[in-house]
Structures are given as C-alpha cells and as structure tokens.
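First to last, the sequence lines map onto chains G and Y. Each residue of the first sequence is one higher than the one before, starting from 7 at the first, in my numbering. Each residue of the second sequence is one higher than the one before, starting from 168 at the first, in my numbering.
Hints should not be assumed to be uniformly reliable.
Said to hold, decoys possible - Straight-line Cα separation of at most 27 Å, DSSO-like style, residue types lysine-lysine; simulated pairs:
| # | chain 1 | residue 1 | chain 2 | residue 2 |
| --- | --- | --- | --- | --- |
| 1 | Y | Lys221 | Y | Lys237 |
| 2 | G | Lys47 | Y | Lys221 |
| 3 | Y | Lys276 | Y | Lys229 |
| 4 | G | Lys177 | Y | Lys172 |
| 5 | Y | Lys255 | Y | Lys229 |
| 6 | G | Lys111 | Y | Lys170 |
| 7 | G | Lys177 | G | Lys111 |
| 8 | G | Lys174 | G | Lys10 |
| 9 | G | Lys10 | G | Lys111 |
| 10 | G | Lys166 | Y | Lys172 |
| 11 | G | Lys108 | G | Lys47 |
| 12 | Y | Lys170 | G | Lys174 |
| 13 | Y | Lys255 | Y | Lys276 |
| 14 | Y | Lys172 | G | Lys174 |
| 15 | Y | Lys172 | G | Lys47 |
| 16 | G | Lys108 | Y | Lys237 |
| 17 | G | Lys108 | G | Lys177 |
| 18 | Y | Lys229 | Y | Lys170 |
| 19 | G | Lys181 | G | Lys10 |
| 20 | G | Lys181 | G | Lys47 |
| 21 | G | Lys108 | Y | Lys170 |
| 22 | G | Lys181 | G | Lys108 |
| 23 | G | Lys177 | Y | Lys170 |
| 24 | G | Lys177 | G | Lys166 |
| 25 | G | Lys181 | G | Lys166 |
| 26 | G | Lys108 | G | Lys174 |
| 27 | G | Lys47 | Y | Lys276 |
| 28 | G | Lys111 | G | Lys166 |
| 29 | G | Lys166 | Y | Lys170 |
| 30 | G | Lys47 | Y | Lys237 |
| 31 | G | Lys181 | Y | Lys170 |
| 32 | Y | Lys172 | G | Lys111 |
| 33 | Y | Lys237 | Y | Lys255 |
| 34 | G | Lys10 | G | Lys177 |
Said to hold, decoys possible - Residues from chain Y that face chain G, not an exhaustive set, calculated with beta carbons under 8 Å:
| # | residue |
| --- | --- |
| 35 | Pro195 |
| 36 | Val214 |
| 37 | Gly283 |
Because the hints were derived from the structure by calculation, they are not lab data. Even for Gly, the Cβ is constructed at its ideal location relative to N, Cα and C.
Each chain, written out:
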Amino acid sequence: MKTKTFTQNLALVGILSAQAIALSYLESLIPAIPGFPPGAKPGLSNIVTMFSAGALGIWQTIYITFAKAIFAGVTRGLTAFLTSLAGGLLSTVVALILLQNKNNKLGYVGIGIICAVCHNIGQLCVACFISGTPELFTSYGPFLLLAAGVTGFLTGTILKYVMPALEKQMKFIIKSK
Amino acid sequence: MKKIKLFSRYDLLVLIVISALAIILLIPNLFTSDTLTATISVDGEIVESVDLSKAAGFREIKIQSDPAVKVRIENGRICVIEAECEDKLCVNCGWLETDGAMAVCLPAKVVVSVDGKNADTESPDVITY
Chain G
7 MKTKTFTQNL ALVGILSAQA IALSYLESLI PAIPGFPPGA KPGLSNIVTM
57 FSAGALGIWQ TIYITFAKAI FAGVTRGLTA FLTSLAGGLL STVVALILLQ
107 NKNNKLGYVG IGIICAVCHN IGQLCVACFI SGTPELFTSY GPFLLLAAGV
157 TGFLTGTILK YVMPALEKQM KFIIKSK
Chain Y
168 MKKIKLFSRY DLLVLIVISA LAIILLIPNL FTSDTLTATI SVDGEIVESV
218 DLSKAAGFRE IKIQSDPAVK VRIENGRICV IEAECEDKLC VNCGWLETDG
268 AMAVCLPAKV VVSVDGKNAD TESPDVITY
C-alpha cells in the first residue's frame, strides 16, 4: 500500500505545483501597482505553499517551492531562480513551523503576513548578495515590509476562503480510509 | 488540519509590529542632506561618482554592462532611463533624489545609489590613542 500513497502524493504535489506556477505567471501579468515598490508582487502562489505546509508535509511543500523557483529560473533567468528559491524556502520553513504547530494562535491573516515578510527578506538577502549592496536593506526594505503587510493580508484571506476547495481537491486524489 | 481563524488578535499584533518596523526603518530615509552624491557601480565596483548638487543641465551616461543600462542626471537627481533587461525594475524606480535612494538592475549587476555625504559622516566617529 505504500507505493499507492506515494503515487497519490506525487499526483497531488504535481497539481499543486502547477497551480502555484499558474498563479505566479498570472501575477506577472498584473502591471506595477502605483505606490508599491517596483517589483513587489501579490505573491499569490504563496497561497498554495501555505496550504501545502498546513495540509501536507515538509517534503511536498519544499518540492512545490523548488518547482516554482525552477519555473522562475526558466522564464526569467538565474537571478530570478535564486531570489525565488531563497524567498520561497524561507517562507516555506516559517509556514511549516507555524501551521504544523499545535499551539498556533495566529489566524490566516497573521500567517500570510509573516510568510510574505519572510519571502521578501529571503529575496532581499539574495539581491543584496548579488548586487553587493547591503544598503538595499534600509532603502528598499521598509517599502517591501509594508508591501508584505498588504499582500500577506490578501493571500491569508484568500487562503481562508479557498481552503474548502483545496481540501476537496486533496481528498479527491488522496483517498484515505 | 486544525481549524484556524481568519483573524485573531495575535494577527493584529503582527500587523502592528511589521508596520512599526517599516516606519522605524523609513525614518533615516526622510532626512535629506544638501550635498548628494550619486554612485554607479557595476558588480560591486564603483565606475562613476557624480556630485548631484553641482550637476548643471543634464547628461546621460551609458554604463558598460551586460545588459546595457543608461542613466540620466539632471538638477540634483538621477534616473535609470533605459535598461536592456526584461523586467525594467530599475527604470520603474524613477528619479532618485533623496539620501539612500537606490535603483538596482540585478541582471546587469548595476547599482545606482544616492548618498547624502555631510562633513560629519565623512570624519571618523571616534579616535582613540
């Protein structure tokens, strides 16, 4: 029976990865939002990784993060791969810690914001490292922090309302007795 | 999976902490000094340093990088006007005219930054014997 659950997990992770990639492509079509720092995006694919972190497990979520990063790398180059991977991994690890924790007192909004902030911190670290300018943290960081507050609020709220659909999808593929 | 509320009071705390942190980090950016120096660097090496307060008229500099980036300097401000990269994030940063303002083109590894260099910041903080 072990191989069967493995196949089911593989199928589910594949579908979730595709959804995350589709969402990150979708948000690249959104033009720059006035008042937001250039390059700031809603981070809609975080919805999928947060769901995976809560409902599935560590490896499934990290797999989705890698799939997202590779997609960014293929379509936007090596720097995009590195920033996506660093941001994705940091926010994934934090999401796993928060969502797998039984004593978690935060709501979806709080988790969404913390994940968005971690995502931005990871990306900013890579950007600082590549460009060799640690000053980016003070010049660009505060704006990214504010943007993460808004986008995290958004993704957390969306996650709450798409949760039933995502759980239905999961139960459709992984038929537990 | 455990039931999670949409918004708990701890979320409010998170929101407040994040906003406060952003505002605290923003404060140093608000102080602009009289003399502004624009520094353009490629791959961590400074290629051009311009005193913005003394820049009269306008001029354009083409930076030797891959992909190529073009900046324009006029009346105490600097702007990336052209970049041959795909995302154009540096161009979207617009005019840089305050201390600490920055435009970065990651694909070209070009950093354009503006620093307010006062006499105080140039001198050492402490001298001990």
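Status of the hints after comparison with the structure:
1. Y/Lys221 / Y/Lys237: holds, 20 Å
2. G/Lys47 / Y/Lys221: violated, 37 Å
3. Y/Lys276 / Y/Lys229: Answer holds: Y/Lys276 to Y/Lys229 is near 14 Å, not above 27 Å.
4. G/Lys177 / Y/Lys172: holds, 22 Å
5. Y/Lys255 / Y/Lys229: Judged against 27 Å, a Cα distance of about 16 Å means the pair holds.
6. G/Lys111 / Y/Lys170: holds, 11 Å
7. G/Lys177 / G/Lys111: Distance ~26 Å between G/Lys177 and G/Lys111 Cα, so the pair holds.
8. G/Lys174 / G/Lys10: With a Cα-Cα distance of about 19 Å, the restraint between G/Lys174 and G/Lys10 holds, given a limit of 27 Å.
9. G/Lys10 / G/Lys111: Outside the cut-off at roughly 35 Å; violated.
10. G/Lys166 / Y/Lys172: Distance ~8 Å between G/Lys166 and Y/Lys172 Cα, so the pair holds.
11. G/Lys108 / G/Lys47: violated, 31 Å
12. Y/Lys170 / G/Lys174: holds, 16 Å
13. Y/Lys255 / Y/Lys276: Roughly 13 Å between the alpha carbons, so the hint for Y/Lys255 and Y/Lys276 holds.
14. Y/Lys172 / G/Lys174: holds, 19 Å
15. Y/Lys172 / G/Lys47: holds, 25 Å
16. G/Lys108 / Y/Lys237: Roughly 53 Å separates the two Cα atoms, so the pair is violated.
17. G/Lys108 / G/Lys177: holds, 22 Å
18. Y/Lys229 / Y/Lys170: violated, 57 Å
19. G/Lys181 / G/Lys10: Since the Cα atoms of G/Lys181 and G/Lys10 sit roughly 10 Å apart, the hinted pair holds (cutoff 27 Å).
20. G/Lys181 / G/Lys47: With Cα atoms ~35 Å apart, G/Lys181 and G/Lys47 exceed 27 Å; violated.
21. G/Lys108 / Y/Lys170: Satisfied, since the Cα-Cα distance of roughly 10 Å is no more than 27 Å.
22. G/Lys181 / G/Lys108: holds, 24 Å
23. G/Lys177 / Y/Lys170: holds, 17 Å
24. G/Lys177 / G/Lys166: holds, 17 Å
25. G/Lys181 / G/Lys166: holds, 23 Å
26. G/Lys108 / G/Lys174: holds, 23 Å
27. G/Lys47 / Y/Lys276: It holds: about 21 Å lies between the C-alpha atoms, which stays within 27 Å.
28. G/Lys111 / G/Lys166: holds, 15 Å
29. G/Lys166 / Y/Lys170: Since the Cα atoms of G/Lys166 and Y/Lys170 sit roughly 10 Å apart, the hinted pair holds (cutoff 27 Å).
30. G/Lys47 / Y/Lys237: holds, 25 Å
31. G/Lys181 / Y/Lys170: holds, 21 Å
32. Y/Lys172 / G/Lys111: holds, 9 Å
33. Y/Lys237 / Y/Lys255: Satisfied, since the Cα-Cα distance of roughly 12 Å is no more than 27 Å.
34. G/Lys10 / G/Lys177: Holds, at roughly 15 Å.
35. Pro195: holds, 7 Å
36. Val214: Since chain G brings no Cβ nearer than about 13 Å to Y/Val214, farther than 8 Å, the hint is violated.
37. Gly283: violated, 12 Å
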